[in-house]
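Grab the two chains, each in its own frame, and use the hints to assemble them into the complex.
This is what each chain is made of:
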Amino acid sequence: MQAMSVQRKKIHPHKYSLWIAMGSITMMFIGFTSAYVVKRAQANWQVFDLPHIFWISTAVILISSGTIQLAVKQFKQRNMQRYKQLITLTAALGVVFAACQCLGFSQLSQRGLPLSGPVSASFIYVIVGMHMLHVLGGVVALLIMFARAYRTRVRVYSAVPIEVASLYWHFVDVLWIYLLVFLSIAR
Amino acid sequence: MSNEATLHSHHEVTHGAAAHDHGNGHDEHHHEDSFISKYVFSMDHKMIAKQFLITGIIWAIVGAGFSVLFRLQLAFPDSTFPFLESILGHWAKGGRITPEAYYALVTMHGTILVFFVLTAGLSGTFSNLLIPLQVGARDMASPFMNMLSYWFFFMASVVMTCSLFVQTGPASGGWTSYPPLSALGDASIGSKIGMDLWLTSMALFVVSQLLGGLNYISTILNMRTKGMSMTKLPLTIWAFFFTAVLGVLSFPVLLSGFILLLFDRHAGTSFYLSELFVAGKALSNEGGSAILYQHLFWFLGHPEVYIIILPAMGMVSEVLAINSRKPIFGYLAMIGSLFAIAILAFLVWAHHMFVTGLNPFLGAFFVLLTLLIAVPSAIKVFNWLTTIWKGSIRFTPGALFSIGFVSTFISGGLTGIWLGNSSIDIHLHDTYFVIAHFHIVMGVSAFFGMFAGIYHWFPKLYGRYLNGTLGYIHFWITLVGAYCIFWPMHYEGMAGMPRRYYDYSNWESFKQFAELNKFISIVVFIVFATQLLFVFNFFYSIFKGRKLTTTNPWDATTLEWTTPIHPGHGNWPGEIPEVHRWAYDYSKDGKDFIPQTVPLGPDETAH
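Residue numbers (the working numbering), protein chains in the order written: chain A, 0 to 186; chain B, 91 to 697.
Calculated from the structure, these hints are not laboratory results.
Be careful, since some hints might not be right.
[Stated by the list, open to error] Covered stretches of chain B, as calculated for chain A (at least 3 residues, CB under 8 Å):
#1 257–266
#2 299–307
#3 311–318
#4 384–396
[Claimed, not checked] Some but not every residue of chain B turned toward chain A, in silico, with C-beta under 10 Å:
#5 Val338
#6 Leu339
#7 Val368
#8 Asn375
#9 Gly378
#10 Ser379
Glycine is no exception: its CB is placed at the ideal position from the N, C-alpha and C atoms.
Bound conformation, chain B alone (with noise of 0.2 Å):
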């Protein structure tokens, strides 16, 4: 590895376990970092990790900031807001959101939420910061590969913004682009430039995922130190570990899908389109099947969804060990849960489609399939819930999040098990009762789970706290209003309330749920608003938050708490520490914790 060799040439011969108490790694950084290489084009996995993470917080603003937009037209679908004129223009004519630009918003809330928040951000960030850390190496296997992953999902990120500002707007089919409506671009004018800006923006993502992913894989399985078996690893690297072979393994096969669209789009191709009727026109295209798409699309989109919550599981694992201070409750049974929840997540992406016309027999297995999911989903919970069983639980905001993470995950998996049964799915889907069901079990979880992550790795990505009592605000305010946006969308979606329509009150069964509209979007409102504050927490923590005095402020046993408080590029000032024991010694002989590093006593065994 010429970049270790690069890293390491200079290296002073110092004990691995002396490593904590090295207070400043800068010293022993030798080579000149000039601006643009340390903070803008950075191979160092660390800054790289920050860039993912304030770039995931940007768009989380605008993708939530847009659902605070729709929900404010389905709440007062009659009332105008001129304020709103003056930032969407002609978008919200006399105050009130165009259906185009409803549309648009909801799209593109679904699209930059799911691939660049939780997707980007929540595993991009803490891939990169925590496999490098927590497996003892200097760097990712590429760092160069690991830059360019970065700068993908910048490029892709430029485009899509790009999107939002043309003058007939952004993609507007929904964040499953599901041809014809993609395909056409004179079916709306959100399939125009939109989609094409759309098509090549997740291009770019694909790219970049991609490229993180294989390092992710390459650097667990490669460059983990002299004594870290797989087995000895923190359950944050096998969840990174699995998700990173998901995503390698489905994203090609979306990209696939694009091309093929990209084609009918552009060169007059009819892979997904055939006797089709436009504005009166009837279209030569013929031969195609639509439904190609969602199976191709689907390929990903269900792993997708494992894709976002896996990371989330896995650090919600570590946090809830270290803060109940006992050992995690069966963690083989944990790494087992996590492979057969990879596996099942290309077994069952055609639950996405029953109503399609999907074969009956054929949806039974798909049926089969999607139920077992809820085998290894209790296993997880189980455990999570006997590791803080009667344990010291230290309610740091981290803690908290995750505790919440259990709440969502257990209370948005049991209505999977509904909308997993095909004959149920006849009445529910597309329905509010499906809006609730993924916002809970992925969105708030996957959110929370992230929470967790950031609340308590902040210390190591900045040397300094977050603000506990702001973090209680943020929590507390999040649960609640989380539980009460998105439960009674189950009763409107169980009453057959359809998703993605732009107003309600025309309907004489769905008039009912006017003042519930009104109360969930109220809700939103104070829910988005304590995100903010989380922002400015966030942010004013990075520069004024309180300063770290200890490498290992949380008393947590795995390899990045035995870096400096501002590890310099390539992480250990002196050598990479060795490890043998594996990462959950808590509350053991006595001893509130034993870190990896220490050796084994002589009547010890390993776990």
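If we strip away everything but chain A, and leave its shape as in the complex, we get (with noise of 0.2 Å):
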């Protein structure tokens, strides 16, 4: 370990990639909402209100930023089964918030609105989409936690790994909103 402290870190190597990633997903992104605007400003653009169900997403969204941000506590506090029982919550409620998203795409496609319909409607679909497979991949690395904190032969004590996934599940949050408000206003 000599030879590890020889090396001067600030931040931990892991965290410091996930801050470039969520710089590069955050450009992806930008990428969609830049060609969404360019589009907009283009003749034959339809017009249309939101589904409402992304607004109780929005509110599963927040509530299970508050989760895992109760879980890398109790996870400090060595309260594992809290910690199990609170990862479990967080991801669960990344999977209802996937499900309303899909809800509001069949309302969309109810009102007329399908994936091949306007453009307009497409954006939402395919920039909504992507940001729900940033989600799903968010719980996907919540259920390894998950099953790493069962493991009996190995137990792990860095905090490293929990908030690594806490601050990419904050962050897929705060994309969620920027979209969600960016979305509202750019009609």
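Right, dumping it as structure tokens:
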């Protein structure tokens, strides 16, 4: 371990990598939203209301951000039982969020705005859908954390993995808020 | 860092500088490596570098081989070559390449060389090899992600290879894959399954680049050894850093463009499509804009050319300083110009779109920003020239290729000033002038930088030298050949000869170039054969090359030469050396060179 301390590390490299990855994911959504802006300025742009269920999913993802924050706290206090419950709850809320988004999609298409309909609707499907995939990626990460917490042979004491996971979770939360505000204003 | 802990739980305490004397690092390597974990799913950055390099070499042979085939068509449009039919089957019926095959070859030549060779093969190889070794780290920030980066590239390669063998052929709408041609399967046979495989392969490739780029940035910023401040880093590392930043910020935008394209192809959306007729039938798509794709594509596409050239610039800076036995001239100016290029890279994409109906007022800004790139580029050229000026130059093959890089970068860069002007671009766009410009400034230069890197760091990769005589033959034929191939294309382009055409013999205005095209093609065949000579040299030298007897064959100052000749996983058998000075103390205080690990003398100040 002596050789390790030789290297200066202010922030854990994995956390650092995640910050850069968040920048990268942000660029992808900037790509989508700027395409949206460019397209909106052109002719034949159809305006419609967002599905109301998106507001419910917003509440769900906000709550899940709270639960994962509590999970980190419980992990640091070594309350492993509470920790496991909280990450399970967070993952479940992630799945509920995705389900709400899918319901939103079906509401849209029932209103005569299918994926292959007007471009303004297609954008909703693609942007919201890509965001949903990122949330589900977070769910997979939480499931891995969950499996790790049940291992009896190896005990994990480093809080870095759960901190990385919670940082990512907050990120997809903030990203959703940005997308919702963007899609509500730039209609 | 868990990997460090495992790597180094058994370290013996040796002084950093004493690592010079260790002949063999393998003894330090306690945990057993199976063949699979050492050579296939390796997490050692040096092995991953070799994997990138060899995969890149294979792709380079394929991609350049394609150019040989289509140059055959351009040189001898009326002749038939029966052997082509035995290679390409119905794509060359009767020994003449069909128009469909010609477009497929051109498209694949561009895709393979831009992405698979000059992005993955160049920056993948040398970022992996040099970042941990030169910053003084045991491995990357995340060796696992680094391994994934290679295997995503490998999967992308497999999918692209499959696309070459499907019945309707690979993508053939140009390496840029503009819609509507790329969005409509009925538009051409190259827009069918081949296009889907192309998009899949490129999506995998983007993932590979992101995983790699994250690691490079994180390693450079977090894993530097004690004393290695950012301004003590060799310029190679600065170049890899900006390359990774460009990739991480621009590849995702390309991915979003591809995702929209995939939806247009398969889900009936109309992001890029509007009011189109295919084979006499009107399509229902309405409201899309094909120009939107071009914006998204070139927002990556332009940074991409700097992703290709910056690593070459960094390696050339390093190789030139070492082989002129002089400090690099204007170290901070070199970093500043890399930074300026990285910023400007994001602000010039629309100069690829001057003739798409872009608002001329907007175009004026893009002209200005484009021409501004000449300033940092000129600073770099000036500094390279002043670095070798009055140096005691050792003309190793690596040094020659570096000087060749400066030459081609100047002559290719100057024509960029022409093309950057939107008014001249009206005449020159989509002509051979553009081909000549970007092949010299980006293709040939980046290859020269890559060759310089391979000749220079081959001893670090394999503990042996590449054959020098073959290296000199390789250099001179490639340099002269590259100019013979691309110089005449400027004239063809100025005369208005358009690119991507299958046969020019029907045009009265271009008939005059028939013999010139023949000349270019014959040079292409010679230069291609010379590259095969290099490939032979490469593989022969891995096994039979002259063995290294010293850890520091080029008398260089940087940290990679303080590792044993065959470094194990973890690079330094003892402690990681501490750094006390910058990387360019050559011919200082009567000494030929002072390694970075030597502490400053009492009457010495840091540079």
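Structure-based check of each hint:
Proximity of the stretch 257–266 of chain B to chain A, defined as three or more residues with a beta carbon under 8 Å from a beta carbon of that chain, is not established by the 0 residues found. With 5 residues bearing a CB less than 8 Å from a CB of chain A, the stretch 299–307 of chain B meets the requirement of three and the coverage assertion stands. Figure legend: the stretch 311–318 of chain B, annotated as covered by chain A; annotation consistent (6 residues with Cβ-Cβ distances under 8 Å, at least 3 required). Residues of the stretch 384–396 of chain B lying with their CB closer than 8 Å to a CB of chain A number 3, which satisfies the three-residue condition for coverage.
Interface restraint check for valine 338 of chain B: the shortest CB-CB distance to chain A comes to about 5 Å, inside 10 Å, so the restraint holds. With 10 Å as the threshold, the beta carbon of leucine 339 of chain B comes within range of chain A, its nearest partner Cβ sitting at about 5 Å, so the hint holds. A distance limit of 10 Å between C-beta atoms decides the matter here; for valine 368 of chain B the minimum to chain A is near 17 Å, and the interface restraint is violated. Of the supplied interface hints, the one on asparagine 375 of chain B holds, with its beta-carbon coming within about 9 Å of a beta-carbon of chain A, less than 10 Å.
With 10 Å as the threshold, the beta carbon of glycine 378 of chain B comes within range of chain A, its nearest partner Cβ sitting at about 6 Å, so the hint holds. Interface hint status for serine 379 of chain B: upheld, as the beta-carbon distance to the closest one in chain A is roughly 6 Å, under 10 Å.
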